[in-house]
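Chemist: Chain by chain, the residues run as shown.
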Amino acid sequence: MGLFSPWFLAGLAAVGLPVYFHLLRKHKSPPLPFSSLMFFEPRTQSSIQHRRLQYILLFTLRTLLLVLLVLAFAGPFIMGGPAAAGGGRRLVVVAIDNSFSMRQGGRLEQARQQALQVLAGLRPEDRAQVLAFSRQVSVMSEPSGDQAVLRGAVSAIEPTDSRSSYGDLVRALRSVVQSAQVPVEVHLFSDLQKTSMPAGFAELALPAGASLKLHPVGEANMPNWAVEAVTAPARVDGKGGARVQAVIAGLGPEAATMRASLVVNGRVIESKSAETPAAGRTTVEFAPFDAPHGASRCQVQIESLDAFPADDRFLFAVERADPARVLFVHESRDTRSPTYFRAALEAAGQASFALDARTAFDLGGVDPASYAFVVLSNVTSVPGPFEEALKKRVQAGGALLIALGPAAAVRGRIPVLETSIVESRYAARQGDRFQMVDWLDTAHPSIHRANRWEGVRFYQVFSVKADNLRVLARLADQTPVLLERQEGEGRVLLFTSTLDNIANDFPLHPAFVPFVEQTARYLSGLDEGRSSMTVDSYFELRRTSGEGAAADVLDPRGGRVLDLSGTAKALGFTLAEEGFYEVRRAGGRRELVAANADRRESNFETIPKDTLALWQNTGEGSAGAQGAPAGESRPSPLWWYVLFVAFVLALAESVVAAGHLSLKKEAA
Amino acid sequence: MSRRYLDPETLAGISGLDLVAKTVVEGFIAGLHRSPDFGFSQEFAEYRAYSEGDDLRHVDWNVFARTERCYLKRYRGETNTRLTVLIDASASMGYGSHRVNKLEYARYLAASLFYMAHRQRDAAGIIVFDDQVRNHLAPSSRHGQLLRLLYALERIELGVRTDFRKPFLHFQQFLFRPGIVAAISDFYQDPELVIKTIEPLRFRGNELVLFHLLDPQEIAPGFKRPVLLVDMEDEQAMDVSPEYAQTEYRARIDGHIENLRASAKRAGMDYFLLDTSRPLDEALREYLVVRRGRM
Numbered sequence: 001m002g003l004f005s006p007w008f009l010a011g012l013a014a015v016g017l018p019v020y021f022h023l024l025r026k027h028k029s030p031p032l033p034f035s036s037l038m039f040f041e042p043r044t045q046s047s048i049q050h051r052r053l054q055y056i057l058l059f060t061l062r063t064l065l066l067v068l069l070v071l072a073f074a075g076p077f078i079m080g081g082p083a084a085a086g087g088g089r090r091l092v093v094v095a096i097d098n099s100f101s102m103r104q105g106g107r108l109e110q111a112r113q114q115a116l117q118v119l120a121g122l123r124p125e126d127r128a129q130v131l132a133f134s135r136q137v138s139v140m141s142e143p144s145g146d147q148a149v150l151r152g153a154v155s156a157i158e159p160t161d162s163r164s165s166y167g168d169l170v171r172a173l174r175s176v177v178q179s180a181q182v183p184v185e186v187h188l189f190s191d192l193q194k195t196s197m198p199a200g201f202a203e204l205a206l207p208a209g210a211s212l213k214l215h216p217v218g219e220a221n222m223p224n225w226a227v228e229a230v231t232a233p234a235r236v237d238g239k240g241g242a243r244v245q246a247v248i249a250g251l252g253p254e255a256a257t258m259r260a261s262l263v264v265n266g267r268v269i270e271s272k273s274a275e276t277p278a279a280g281r282t283t284v285e286f287a288p289f290d291a292p293h294g295a296s297r298c299q300v301q302i303e304s305l306d307a308f309p310a311d312d313r314f315l316f317a318v319e320r321a322d323p324a325r326v327l328f329v330h331e332s333r334d335t336r337s338p339t340y341f342r343a344a345l346e347a348a349g350q351a352s353f354a355l356d357a358r359t360a361f362d363l364g365g366v367d368p369a370s371y372a373f374v375v376l377s378n379v380t381s382v383p384g385p386f387e388e389a390l391k392k393r394v395q396a397g398g399a400l401l402i403a404l405g406p407a408a409a410v411r412g413r414i415p416v417l418e419t420s421i422v423e424s425r426y427a428a429r430q431g432d433r434f435q436m437v438d439w440l441d442t443a444h445p446s447i448h449r450a451n452r453w454e455g456v457r458f459y460q461v462f463s464v465k466a467d468n469l470r471v472l473a474r475l476a477d478q479t480p481v482l483l484e485r486q487e488g489e490g491r492v493l494l495f496t497s498t499l500d501n502i503a504n505d506f507p508l509h510p511a512f513v514p515f516v517e518q519t520a521r522y523l524s525g526l527d528e529g530r531s532s533m534t535v536d537s538y539f540e541l542r543r544t545s546g547e548g549a550a551a552d553v554l555d556p557r558g559g560r561v562l563d564l565s566g567t568a569k570a571l572g573f574t575l576a577e578e579g580f581y582e583v584r585r586a587g588g589r590r591e592l593v594a595a596n597a598d599r600r601e602s603n604f605e606t607i608p609k610d611t612l613a614l615w616q617n618t619g620e621g622s623a624g625a626q627g628a629p630a631g632e633s634r635p636s637p638l639w640w641y642v643l644f645v646a647f648v649l650a651l652a653e654s655v656v657a658a659g660h661l662s663l664k665k666e667a668a
Numbered sequence: 669m670s671r672r673y674l675d676p677e678t679l680a681g682i683s684g685l686d687l688v689a690k691t692v693v694e695g696f697i698a699g700l701h702r703s704p705d706f707g708f709s710q711e712f713a714e715y716r717a718y719s720e721g722d723d724l725r726h727v728d729w730n731v732f733a734r735t736e737r738c739y740l741k742r743y744r745g746e747t748n749t750r751l752t753v754l755i756d757a758s759a760s761m762g763y764g765s766h767r768v769n770k771l772e773y774a775r776y777l778a779a780s781l782f783y784m785a786h787r788q789r790d791a792a793g794i795i796v797f798d799d800q801v802r803n804h805l806a807p808s809s810r811h812g813q814l815l816r817l818l819y820a821l822e823r824i825e826l827g828v829r830t831d832f833r834k835p836f837l838h839f840q841q842f843l844f845r846p847g848i849v850a851a852i853s854d855f856y857q858d859p860e861l862v863i864k865t866i867e868p869l870r871f872r873g874n875e876l877v878l879f880h881l882l883d884p885q886e887i888a889p890g891f892k893r894p895v896l897l898v899d900m901e902d903e904q905a906m907d908v909s910p911e912y913a914q915t916e917y918r919a920r921i922d923g924h925i926e927n928l929r930a931s932a933k934r935a936g937m938d939y940f941l942l943d944t945s946r947p948l949d950e951a952l953r954e955y956l957v958v959r960r961g962r963m
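One line per chain: the protein sequences are A and B, in this order.
Residue numbers for the first sequence follow our numbering, beginning at 1 and rising by one.
Residue numbers for the second sequence follow our numbering, beginning at 669 and rising by one.
These are calculated hints, taken from the structure and not from any lab test.
What you were told as hints is all true, and nothing was included just to trick you.
Pulled a few chain B residues facing chain A out of the computed Cβ check, cut under 10 Å:
#, residue
1, Ser760
2, Met761
3, Tyr763
4, Thr830
5, Tyr856
6, Leu882
7, Gln885
8, Phe891
9, Asp899
10, Asp902
11, Gln904
12, Glu916
13, Tyr917
14, Arg920
The following label-pair restraints were derived from C-beta to C-beta distances:
#, chain 1, residue 1, chain 2, residue 2, range
15, B, Pro884, A, Tyr641, 48 to 54 Å
16, B, Arg920, A, Gly11, 48 to 54 Å
17, A, Glu41, B, Leu941, 22 to 28 Å
18, A, Pro31, B, Phe871, 41 to 47 Å
19, B, Tyr819, A, Glu41, 41 to 47 Å
20, A, Glu41, B, Arg742, 56 to 62 Å
21, B, Val828, A, Glu41, 22 to 28 Å
22, B, Arg742, A, Pro31, 58 to 64 Å
23, A, Val648, B, Gln914, 33 to 39 Å
24, A, Pro31, B, Arg829, 14 to 20 Å
Just so you know, even glycine gets a beta-carbon here, dropped at the ideal spot from N, CA and C.
This is chain A alone, in the form it adopts within the complex:
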């Protein structure tokens, strides 16, 4: 028998109310005329006699009612029957933090030793389970009383480069408690970083029946300096060098001056002095460097001034490649559209493309796979072999931009997409009969930064069967002007007008250049690459499920991340550790993915003690049975029964009070 919320017992003071009304309140009798007081004592009757208990039954009912209400709020419970499972009297959960910050000094080893001491103190009837947690919770052992198994599980815990998350740990603990059926005692061994706290404190609430004991390890609030972020292009072409900016964070109360170096493929390219303010950040910019052809392993590193050198470097990858080749297919009579398209590509500053403009008759022997993407600009037809090769290329992950025009409408069939043109909507330039864009899907990469299509006049557009086509832009008469379809692993964009400044005046508008550039980057896949990623993030290998081109992945230690099946089917993989992942795609293309630990792990500011106390209280407050003999039984709340009895008493009190308050009784 116990109480979940014993502090509600303070409400018992309310019992004083009926005591006051029935016993202590001075009785005021109504004056009653009497024939003579000759035989009464000429003295005042003692007030104590007035305090005699009246309405004994009513007083008893009211007092009991208040007591039961207070008791109901206090949450009474009794210990239930034997637990269904578990066998031991309690389950001791040993949770050890193996996040990136635990690499500092001997934190993880210290945690292991403390955990072993806790396990050594287990009672014979106890069982224990070992968990390791960082971004995810790893069950190192099932509940067991075998010391050898448990000690082995503790010793097997290895440090990771992940970020710790107490919210995820508590979620895992809830399922452990739910399945344990016995009181659970959680021992948490961690450096208690403040940055590992979840956004809402409610996520830390321990489940009923669990208690938390904290075992802090390592130096609290240790000063630290880290390379927090690096901004560098993932891809450069032959036009210029890669410009690198690094943010160096001082996570401590002291300012510091240090050397920051840019290292490319193990060679220091440049070193600069960086002054980091106390609890602040500074930016170091390195001169553009000429990265060698192919993917380069780069890093910015600072000289180590603290006890945690693991975050004194930041990895990133830069790929130097030739300009991406774009095959532009057009009609022999059409010389305007390649001109406008080439001009727009060359005006783009961020990436370089080499436009290979050919007529439909010059496609013999041309392999679409050797181009980043293909543009079919208002062509009546393309040679069959080329179209087949183009289809395969798209299915394998290639990209295609199709612009429709009068020539394309002659045949009525749109290559690759296997759909047809329904009608042509033509408006003569005379009389200003044109259509304008009414709606744009500004979230699409092609339009995201090129969404100023106001004023673009469309004189001729072609309606198509929009089966499985996603509309990205629509004219005022609801005719789609830009559509997209996913074909296999590739993409096809369909522009239902021309690029030659005849069917529309789009090439003359400022939005044309960014549209062409963004579309080229989107279709060639250049906008997907990042110079660095964070450990635990997901790297996408392909867009669709199913077997596609093989992609082999090597982790920083040279091991294969994917098995043979995954090489052909996996959509992606998680970057589990810091370092360079190497992705080898079909066709010999090689990518480097730099993974860095989450820099929130570099902040050794610990959780305030008040917060820790509150966290522990969530377990103690909800687990009122901890003081009771542990194991074998669970608390069964009784408040419902108490409240029912109080309700019955309230009814009885109403009946009795109504009887006392009747006029007849009062008159008597």
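Got chain A; can you put chain B on it based on the hints?
Modeler: For chain B alone, coordinates are given in the frame of chain A:
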């Protein structure tokens, strides 16, 4: 008539004291067994020689014509009884825990006594007093006396407080001829004082009957919780607990009644305690017992 018509609660529903008195007496008589001891008839009893001062109306002129002697013809029902009712009209007589308070009961009782006296051709009179004489009608058997007496009863208003000494000194001068004196009061006075004040009347040949009227609540208070009692005569207030009222008070009121009864007995008076919740026939029976001794 049924005995229920003698119940005070029933009488309270009858308007007019004459009707009340008639109802009571007729009901009472109808319930009696006929007995020669009571001599209600107008039958001839005896002849008595005329003596100076006798009423000439009672001379049997037929006997005088034959014998030339004056004889008075007396009948059994004819007496010289004079009934004087003393009614206490102090404020305490206004107390009543039920429908009929003590003064109302006293009215019914007096009216019934007057009616009965009227039937027996007794002279009847009334004296109303509290701390002084409020009203006085000399005993008479003349025609219309009953109505005057009933009217006097109707006019009684509650006075202030009881004081036997002053009014009794006053109306001793009215009671110079012997008769029956019925004092109706709650006698909230020292019994010795009451007897000592009334006793001189007996020396003049009067039969004294003390009708002690008490409400049932005065005899046995039934307070269930503390009450604040206010004296109806001097308006003194006093907190009274139920325990006291049910123990010590009852002992004291019982002692008072016993003292009064004993003192009256020692002084040769008749004492009768009347509970205002009880029927009137017992009081009438007491009157007849007393009157019988005077026949």
